[in-house]
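Same order as they appear, the protein sequences are chains A and B. When we follow the numbering used here, the leftmost residue of the first sequence carries the number 1, and every step to the right adds one. When we follow the numbering used here, the leftmost residue of the second sequence carries the number 614, and every step to the right adds one.
Calculated directly from the structure, the hints in this document are not laboratory data. Ideal Cβ placement from N, Cα and C applies to all residues, glycine included. Misleading hints may appear alongside valid ones.
What the hints assert, rightly or not - Chain B residues, not near chain A, derived (Cβ > 10 Å throughout): (1) Ala-993; (2) Glu-1120; (3) Thr-1197.
Unchecked claim - As a list, the in silico EDC-like pairs of lysine to aspartate or glutamate whose alpha-carbon atoms are at most 16 Å apart: (4) B:Lys-707 to A:Asp-53; (5) A:Lys-274 to A:Glu-477; (6) B:Lys-887 to B:Glu-1200; (7) A:Lys-94 to B:Asp-664; (8) A:Lys-274 to A:Asp-53; (9) B:Lys-707 to A:Asp-192; (10) B:Lys-862 to B:Glu-797; (11) A:Lys-252 to A:Glu-184; (12) B:Lys-887 to B:Asp-664; (13) B:Lys-865 to B:Glu-797; (14) A:Lys-94 to B:Glu-1200; (15) A:Lys-249 to A:Glu-184.
Number of protein chains: 2
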Amino acid sequence: MDRNAFRRELAQQLRVDSVRASDAGGSGHPTSSMSAAELMAVLLDGHLRLDFDHPENPANDHLVFSKGHASPLIYSCFKAAGAIDDEELLSFRKLGSRLEGHPTPILPWVDVATGSLGQGLPVAVGLALTARRLDRLPSRVWVLCGDSEMAEGSMWEGFEHAAFWELDNLVAIVDVNRLGQTGETMHGWDLDSYANRLVAFGWEAVVVDGHDVEAIEGAYGQAEQTSGKPTAVLARTLKGRGVAVVEDKPGKHGKPLDDPEEAIRELGGERDLKVEVAVPEAGTERHRFPTPGGDPARFELGDEVATRKAYGQALKVLGDTRGDVVALDGEVSNSTYSEIFRDAHPDRYVEVYISEQQLIAAAVAMQRRGWRPFASTFAAFLTRAYDFVRMAAVSRANLRLCGSHAGVSIGEDGPSQMGLEDLAALRAVHSSTVLYPSDANQAARLVELMAELDGISYLRTHRGAMPVIYGPDEAFEVGGSRVVREGDDVTLVGAGVTLHEALRAAERLTGEGVEARVIDLYSVKPVDGETLVRAAAETGAIVTAEDHWAEGGLGDAVLGALAESGERFRLRKLAVTTMPGSGTPAELLREAGIDAEAIATAARELVGARATA
Amino acid sequence: MDRNAFRRELAQQLRVDSVRASDAGGSGHPTSSMSAAELMAVLLDGHLRLDFDHPENPANDHLVFSKGHASPLIYSCFKAAGAIDDEELLSFRKLGSRLEGHPTPILPWVDVATGSLGQGLPVAVGLALTARRLDRLPSRVWVLCGDSEMAEGSMWEGFEHAAFWELDNLVAIVDVNRLGQTGETMHGWDLDSYANRLVAFGWEAVVVDGHDVEAIEGAYGQAEQTSGKPTAVLARTLKGRGVAVVEDKPGKHGKPLDDPEEAIRELGGERDLKVEVAVPEAGTERHRFPTPGGDPARFELGDEVATRKAYGQALKVLGDTRGDVVALDGEVSNSTYSEIFRDAHPDRYVEVYISEQQLIAAAVAMQRRGWRPFASTFAAFLTRAYDFVRMAAVSRANLRLCGSHAGVSIGEDGPSQMGLEDLAALRAVHSSTVLYPSDANQAARLVELMAELDGISYLRTHRGAMPVIYGPDEAFEVGGSRVVREGDDVTLVGAGVTLHEALRAAERLTGEGVEARVIDLYSVKPVDGETLVRAAAETGAIVTAEDHWAEGGLGDAVLGALAESGERFRLRKLAVTTMPGSGTPAELLREAGIDAEAIATAARELVGARATA
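Chain A on its own, in the form it takes in the complex (with noise of 0.2 Å):
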């Protein structure tokens, strides 16, 4: 058999397991897969450099499927790679089995969760932006897409920085077969349409015919051959190709065949061919920066400093120490400090512009690769990447986040600029650690901690300066939480500006004879339920103060870490909202009624309750 007559084979064989596997799993989406078969079978039999039986070897190239509806296809080119068998195929989208509906990286050949659209094309060039500028290796990444995400916006960030970072060690592959979910999609069959597009952002577009292996094969090849920037194959492909009664058939997306064995006759029956993919060379290693060593960030007692000025000092030292760091930010690195990073590692500063969803691919992309990333934003900011942020939880990333700007506490800029949801959002994120300093020395403790930490961990900084309470020796832990104060009739729980707020009312309420306890809870997730369940046995009126909506941040963690005590207790949820304005940060804490006159006259309020009560 030619290599042609081979590579038509195979592709009729991932159409007939893609069809097998759906009918297994009993759904899925195999049409999907099946427009996309000759794309896969050339780029595994000739082009892909990935060695399955070492998937963690640094060489290999990556194999992205941001369309991850096309799953059945996905598998059965690993089965048809030998990485799994049969059986695994066909345990297709059941319980417990590796091949779920959309891949995840359970499966070590799968660097990202995809499946929600517009997500693995901005991963890859992330993947392609670490193997050239951190691993420094010539691994290549290919990425199928979907021609239905190309309206997405995540992907044209993708596409920006890709070119802007001339990757041309990335290839866009788009599998443009025409249907979408419910219709056609809005450029159809138009491939120039595409192909401008892409060449105005500054690629090399090449239109093929996505079933003729040979035209398939020049495209590669051309791809393999374009440098200073990266090639999209862009190609015309009919969903349920081979099929009739599916083929460029509306109504056909993400179901079974209705006969899955006269498709699989149509087809040419059941196949086993093996494709040898090929191996990159041994022995090659990533790229390591050199560590010039330091001490760690420390501030001193009394001085006024901003959370977010000690991430970006704590960072830095964390870079001169630790050669794996990687700072990303989002064009305000001035702001968020990471600049501080970046002048001390510009080869470890990735300036990812105004594009957060690109800012948490590239983050995501370069974990995946044994890096650690600690990407920054305004908090307010990264609510344009929440849903990257969720994939990366079903990508099982070990994410570092950090929103600065939190709250109504930045004052006059206004509540566009203010994070008041952050909390809230990355609580409900699998896997998430949630820090809020209150100090610069907590702070900078917790940036170290945060690189030792699994999954997605998010520190939340103000903009404004608050007083350094903590000495520069003092530990911290995740999970964690200080009594700056003791006192037995009344708890404040703060974090952040509010902490500093509650220790203001608890001054003013030491002169009226009430002693409040004042907690730091700087670990909202974990929170430290043992002495949140102590205060509210011992002082049984607790007030919770948030610079952040009064759903899903520091109050409701506190209620969460006492439901089950069974504790009888008081609490006040002081928090914001109202939607605020501009004014002065002390006029809207004031306003928002988190200030320490707010902290007090809620804390009066519960103490005279239960002295008459």
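Chain A is fixed; fit chain B onto it per the hints.
Below, chain B without anything else, positioned relative to chain A:
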């Protein structure tokens, strides 16, 4: 003074006033304002048609500042147009002023809040679409964009859709001043790079010197003459233009000038020019759609119906009776069932393809123009537009959202498709109402109620069919709940699929002599505190169960309602705590520990603990 001279003078006045406002406010972005002064001067004097005295005139043009940080400029424009006086101009960024740090619709001439970059353009696209397709009026939408925000994917969702929808009533003015917050943008002054991209996306593109009023006049004239496609005016400008110490200088972003008096002298001093902004024709009225009338959607007790299907049916009926209801979907209308509305009211359905940011932006625009948009996609994919929803709240938008396919109960598709953070995310949005129906009739009634709600309302629907447990004539209210089973030993709280699991658990428990009260918490925000507090008092033990992560959802809503009551109770919060995979809905509910057996087990433990206490 000839017209060009007047425009140049007006531009200088806009600069001077931007400097003055920023100085008075003590913060702000004068340099980002100064670059676009001529662009706005020419627009105000001869092109914009906006009746400042009658901002509700539907024939008005719209002016959106996508670069919302240039707020000093838009406020200076309002002053020049006579809409605000100098005293108000100088209240910029002060507590209580309408002139917030970034524009919000507190000002009647501001359609939407901007300041999170990349949002104004997609909303402007929505405004232009609304004018064309719904209002059917000739009003034009002018949107001033920054060059930094061109890196946001959401901009390209907007550009793509504007061309696809052939919005020749839209003009995007891109102020290419080269300098972002921290340094040069990706493309600097390479204006062709922008022009090429926009032309490829189907736009007319005109490159001009943004300080040449004659060139700008020509560009706007060309835009007004262009038919069948939108026009982008790409203007080469200097940031801080006109004041040598800041002009085209790095490090001058987002701060008042050090010496405003000298700057004002350099700009030729204060002026008090008034510009007569053209007024559109009077007497134009919005198009109204005919309504055939219809009866409420009804489902029979005992039938099995998915709440997502009830959403589609109820929405269609709403469209039958209200001409202002519009539906939008992100290319999953056959999953969310908004297709039922689409098929009945094709003229009031907008297919936004897989562009969730543009989906929400278009809905925000429509409600601004007096329509009642309902936007739907998978709950999981609404996370892609979280920043847009957040900003919609700042815009005081009345927005109706529906997220389908919530939770692990979707089954085989796996975690990428499961909305598991939507309750937390939407609860933490200001002005939000969060509804989570447990049967089809309830879902239909809640959809009807949503049409009347202010703020941002969210309906969570499930994929799978569930028994109809309420009669078609039963009424529900926002903020209500239903005790669907009486009992005094323990309270089980659920909604959606977990309400049905709780009912099954109660059946099991009653056989063991434990009488469980079961509460359907279909209104998660606002929540029915009275019923919950009574249940806590009367049963002393509560199990909450939700098909959602443990943070910020139904369980936390219950805790919040009980927190201030001072009641003594024990609560077990059952929620999804491990990353789900694929499997049948029943398998995944069991694995997550939120099925009937898990609920019954938790109830037994609470009852047993009380018995031994």
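Here is what the structure says about each hint:
Under the 10 Å C-beta cut-off, the non-interface status given to Ala-993 (chain B) relative to chain A is violated; the minimum distance is some 7 Å. Listed as a non-interface residue, Glu-1120 (chain B) keeps its Cβ farther than 10 Å from every Cβ of chain A; the least gap is roughly 25 Å. At the 10 Å boundary, the C-beta of Thr-1197 (chain B) falls inside the reach of chain A, the nearest C-beta of that chain being 7 Å off. For the hint linking Lys-707 (chain B) to Asp-53 (chain A), the alpha-carbon distance of about 64 Å lies beyond 16 Å, and the restraint is violated.
Among the hinted pairs, Lys-274 (chain A) with Glu-477 (chain A) is inconsistent with the structure: their alpha-carbon atoms are about 51 Å apart, more than 16 Å. About 70 Å separates the Cα atoms of Lys-887 (chain B) and Glu-1200 (chain B), which puts this hinted pair outside 16 Å; it is violated. Using a Cα cut-off of 16 Å, the hinted pair Lys-94 (chain A) and Asp-664 (chain B) is violated, with the two alpha carbons roughly 62 Å apart. Distance check on the hinted pair: Lys-274 (chain A) and Asp-53 (chain A) sit about 15 Å apart at the alpha-carbon level, within 16 Å; holds.
At roughly 52 Å between alpha-carbon atoms, Lys-707 (chain B) and Asp-192 (chain A) are farther apart than 16 Å, so this suggested pair is violated. Proximity of Lys-862 (chain B) to Glu-797 (chain B) is assessed by CA-CA distance (about 10 Å); at most 16 Å being required, the pair is judged to hold. For the hint linking Lys-252 (chain A) to Glu-184 (chain A), the alpha-carbon distance of about 12 Å falls within 16 Å, and the restraint holds. For the hint linking Lys-887 (chain B) to Asp-664 (chain B), the alpha-carbon distance of about 15 Å falls within 16 Å, and the restraint holds.
Restraint check for Lys-865 (chain B) and Glu-797 (chain B): satisfied, since their Cα atoms lie roughly 12 Å apart, inside the 16 Å limit. For the given pair, Lys-94 (chain A) sits about 10 Å from Glu-1200 (chain B) by alpha-carbon distance, which is consistent with the 16 Å threshold. In summary, the hint linking Lys-249 (chain A) to Glu-184 (chain A) is supported, as the alpha carbons are separated by about 10 Å, within the 16 Å threshold.
Of the hints listed earlier, those the structure fails to meet are numbers 1, 3, 4, 5, 6, 7 and 9, in rising order.
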